[in-house]
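Numbered by this note's numbering, the letters in the sequence shown go through residues 1476 to 1609 in order.
None of these hints come from the bench; they were simulated from the model. All residues carry an ideal CB built from backbone N, CA and C; glycine is no exception. Honestly, I wouldn't trust all of these hints.
Below, computed lysine-lysine pairings styled on BS3-like, alpha-carbon distance capped at 27 Å [as the list claims (entries may be wrong)]:
no., residue 1, residue 2
1, K1492, K1540
2, K1541, K1506
3, K1492, K1506
4, K1541, K1596
5, K1541, K1492
6, K1540, K1596
7, K1541, K1567
8, K1506, K1486
9, K1492, K1478
Listed next, with one range per pair, are the computed distances between beta-carbon atoms [what the hints assert, rightly or not]:
no., residue 1, residue 2, range
10, D1548, E1517, 32 to 42 Å
11, G1586, N1549, 25 to 35 Å
12, V1582, K1544, 21 to 31 Å
13, N1509, V1582, 11 to 21 Å
14, H1547, N1477, 36 to 46 Å
15, L1484, S1583, 15 to 25 Å
16, S1524, S1568, 12 to 22 Å
17, A1585, T1529, 34 to 44 Å
18, K1596, E1536, 13 to 23 Å
19, G1514, D1595, 17 to 27 Å
20, S1530, N1509, 15 to 25 Å
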Amino acid sequence: MNKEDLLALWKGISWEKHDSGIYFLGRYLNKDINIYFTGYCEQDLVLLSDDLMTSLYRNLEHLDKKAQKVIHDNWPDKAVTELELRELILDKSSSYGEFALGYDAGVSPAGSLYLLVKFDKYFQVDRELVYEIY
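Model the full structure from these sequences, guided by the hints.
As structure tokens, then:
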């Protein structure tokens, strides 16, 4: 999928290219979502299937609910209210499966805590959370 098609699909703005990847701000259900293509260059984006990106867009609300359940299942004793989806990450190295959804869980003693929920190419959720601190 090319840059113009991605921006049109996600109502994207602020396209940025860095050595580490491509990033832009998208809109979904009237909310901002940061979309990261980590490790990708623009030429790599054409390797992404239009079907994958279109399916992600169409199913994001359902995928968000699946991810929220994983978060709640992993933190049953915590008073975790519903977290807002902040990020969609596609990592060329597949370190997050096919893609991951990211949530800002607030500030921890070590810094800002993000929870990532990985999905495979069939949109099946990984039950294990990824914790990242910034």
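Okay, the hints, checked on the actual structure:
no.: 1; hint: K1492 to K1540; verdict: violated (30 Å)
no.: 2; hint: K1541 to K1506; verdict: holds (18 Å)
no.: 3; hint: K1492 to K1506; verdict: holds (23 Å)
no.: 4; hint: K1541 to K1596; verdict: holds (15 Å)
no.: 5; hint: K1541 to K1492; verdict: violated (30 Å)
no.: 6; hint: K1540 to K1596; verdict: holds (17 Å)
no.: 7; hint: K1541 to K1567; verdict: holds (23 Å)
no.: 8; hint: K1506 to K1486; verdict: holds (11 Å)
no.: 9; hint: K1492 to K1478; verdict: holds (11 Å)
no.: 10; hint: D1548 to E1517: 32 to 42 Å; verdict: holds (38 Å)
no.: 11; hint: G1586 to N1549: 25 to 35 Å; verdict: violated (20 Å)
no.: 12; hint: V1582 to K1544: 21 to 31 Å; verdict: holds (24 Å)
no.: 13; hint: N1509 to V1582: 11 to 21 Å; verdict: holds (18 Å)
no.: 14; hint: H1547 to N1477: 36 to 46 Å; verdict: holds (37 Å)
no.: 15; hint: L1484 to S1583: 15 to 25 Å; verdict: violated (34 Å)
no.: 16; hint: S1524 to S1568: 12 to 22 Å; verdict: holds (18 Å)
no.: 17; hint: A1585 to T1529: 34 to 44 Å; verdict: holds (38 Å)
no.: 18; hint: K1596 to E1536: 13 to 23 Å; verdict: holds (19 Å)
no.: 19; hint: G1514 to D1595: 17 to 27 Å; verdict: holds (18 Å)
no.: 20; hint: S1530 to N1509: 15 to 25 Å; verdict: holds (19 Å)
Hints 1, 5, 11 and 15 from the earlier list are contradicted by this structure; the remaining hints agree with it.
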